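Asker: Residue numbers (my numbering), protein chains in the order written: chain W, 1 to 334; chain B, 1001 to 1384.
Worth flagging that the hints you see were computed from the coordinates, not collected in a lab.
Restraint ranges, calculated between C-beta atoms of paired labels, are given here: (1) D1348/B <-> V318/W: 40 to 50 Å; (2) A1215/B <-> R44/W: 45 to 55 Å; (3) L1365/B <-> G273/W: 22 to 32 Å; (4) S1181/B <-> R44/W: 35 to 45 Å.
Just a sample of chain W residues kept apart from chain B, beta carbon distances all over 12 Å, derived: (5) F91; (6) V196; (7) P304; (8) R312; (9) H313.
Note that this is a predicted model, so its numbers are computed, not measured. Cβ atoms here follow ideal geometry from the backbone N, Cα and C, with glycine treated the same way.
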Amino acid sequence: MTTVAVKPATMAQALTRALRDAMAADPTVHVMGEDVGALGGVFRVTDGLAKEFGEDRCTDTPLAEAGILGTAVGMAMYGLRPVVEMQFDAFAYPAFEQLISHVSRMRNRTRGRMPLPITVRVPYGGGIGGVEHHSDSSEAYYMATPGLHVVTPATVADAYGLLRQAIASDDPVVVLEPKRLYWSKDAWNPEHPTDVEPIGRAVVRRPGRSATLVTYGPSLPVCLEAAEAARAEGWDLEVLDLRSLVPFDDETVCAAVRRTGRAVVVHESTGFGGPGGEIAARITERCFHHLEAPVLRVAGFDIPYPPPMLERHHLPGVDRILDAVARLQWEAEG
Amino acid sequence: MTVMEQRGAYRPSPPPAWQPRTDPAPLLPDAEPYRVLGTQAAAKADPDLLRRLYAQLVRGRRYNTQATALTKQGRLAVYPSSTGQEACQVAAALALRERDWLFPSYRDTLAVVARGVDPVEALTLLRGDWHCGYDPHTHRVAPLSTPLATQLPHAVGLAHAARLKGDDVVALALVGDGGTSEGDFHEALNFAAVWQAPVVFLVQNNGFAISVPLAKQTAAPSLAHKAVGYGMPGRLVDGNDAAAVHEVLSDAVQHARAGGGPTLVEAVTYRIDAHTNADDATRYRGDTEVEAWRAHDPIELLEAELTARGLIDEAGKEAVRQDAEEMAASLRARMNRDPELDPMALFDHVYAETTAQLREQRALLRAELDAEQEQHGEREGGAR
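Using the sequences plus the hints, can you model the full thing?
Answerer: See the structure below:
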């Protein structure tokens, strides 16, 4: 690994760079959404794109999410690669019919003759003090729809890499961007973006031997923090970043859990019907004889996302994660 | 200084942002549906076009009766008949050039076939198969869309993309009266007008959304009037008058092609048959109404015109009927063959590259099929 002296960059900057590089490399890439033009998006991720590539390549659309995604379908049918921005997680819901009935199925319906290479960017998750409809973790809805890829970066390098891969993919990809990590910084060189693992692969962010925290997106930094704190308790926690919820990397997840024998799945999304149930089931089905304890979940409560003044009680934090780790039947270790 | 004193100096003026936008008058539809057949305008209609429309109408009617018969024989899972609406279907297909695109809904199989798609392939979804049968790129026909009005934004996006690329392409999207209540109808028309996309929307107002009459669907003066709110022209046409529908659609297509933007066309017609073979129309409408529309039949209207102008004789009509019978016989024969179904193919096109999860599930199904095959083999062996 070469060491390059680089300035810290934010995840939002890396996403902008990914859009810019993709648009420069491929004239069929079109960015569209609400306020993506002159304003540069409410999170400024599309900053400067309309100026550099013109309004036909970075288009402020009417305020209608079904219309945005529906017209993107038609554009993709004609050979373009639309990158759609949904302004906030909960604002993407009007587009669900297009997403579920057409975006996810057109390849199948046409036996591969009409693939839809559409990228749907969705800022998601809480922790930014947003009022209602601005903090949802909507990943389970997307995961339950065959035909979609669902990815979520947790690092600056992955934000760039996964978005470039999503745009290059011939399948529709939902890119869930953790809002509260938009301003997180990392040493990253935009001139030489490092290669990242492909969509579909999970990555161990912190090796450890005691137990595996399986997580993704906004919960990764929380899990890394919990792993540091756990050292004081004598636990050496491994932290696994899924990166890609669909396709799901059973291989890497199972290899990790077989090493440690214990797993906790951590996410902000609701526990009931959330991704954690699927992940815990997959681990149990495949690694049962390696498990020293049931797979536990630390998730958001099964309540509508709470208001800013109360959200800290809802979000999985270090203490709740460590409490779960403590319940992993260590008695057997003697 | 008090607030009231400050207000004393206030000089009102009109709000600075407001200025008149589009003049609505030229966008308004006519008071009556436009007609050609049986009017003076008919004399100007191109005889060749009228003969082509006639041949296609007769074929279309025969296709509808044959497909409905196939549902009764269990060869089609469902068929939404367009009997009575053939003029809209045929005129839509004939108003387009080869490089244009058609976006049909589930009741528009006739338009799809009239555009050149194989009559059997066009029925693939309705047969109960998992894919649309035809390659959309071959004849530039999108798959039949089942969720109402969802194909309209696709037409807008495709037309917009073509215009961005500098290609001379117009998209024609079909929708019914019920579909105009859907949000996607509104969003598609709004995007089309804002982008000035070369797209034409044809609403086939056949009076019913399954059982619900238009009066319960909208309070608009006409569906064509809805165009005005989006800033595009609305046109009202007799949907059973093939010459009129063709003329109005051709004008709208030409307008879009010339950079004039989208048009909304409402064709007033009637669904003579029930919604599908599974529906019972006697529960929600009377015979009198149906008979009144039968007396304004699209084929009879055109045939009367052709006969009156001496553009067709008995031999000509017989040739058209013969052609339709041959099409129906071929459709019947081909649909009566059992389709080749491979359950393993269900996994092939979900993603560009089959995921590990789907590979596992495919292997499971493979094992089940092999076990079935083996059991079948044992039973055969035992019988011997």
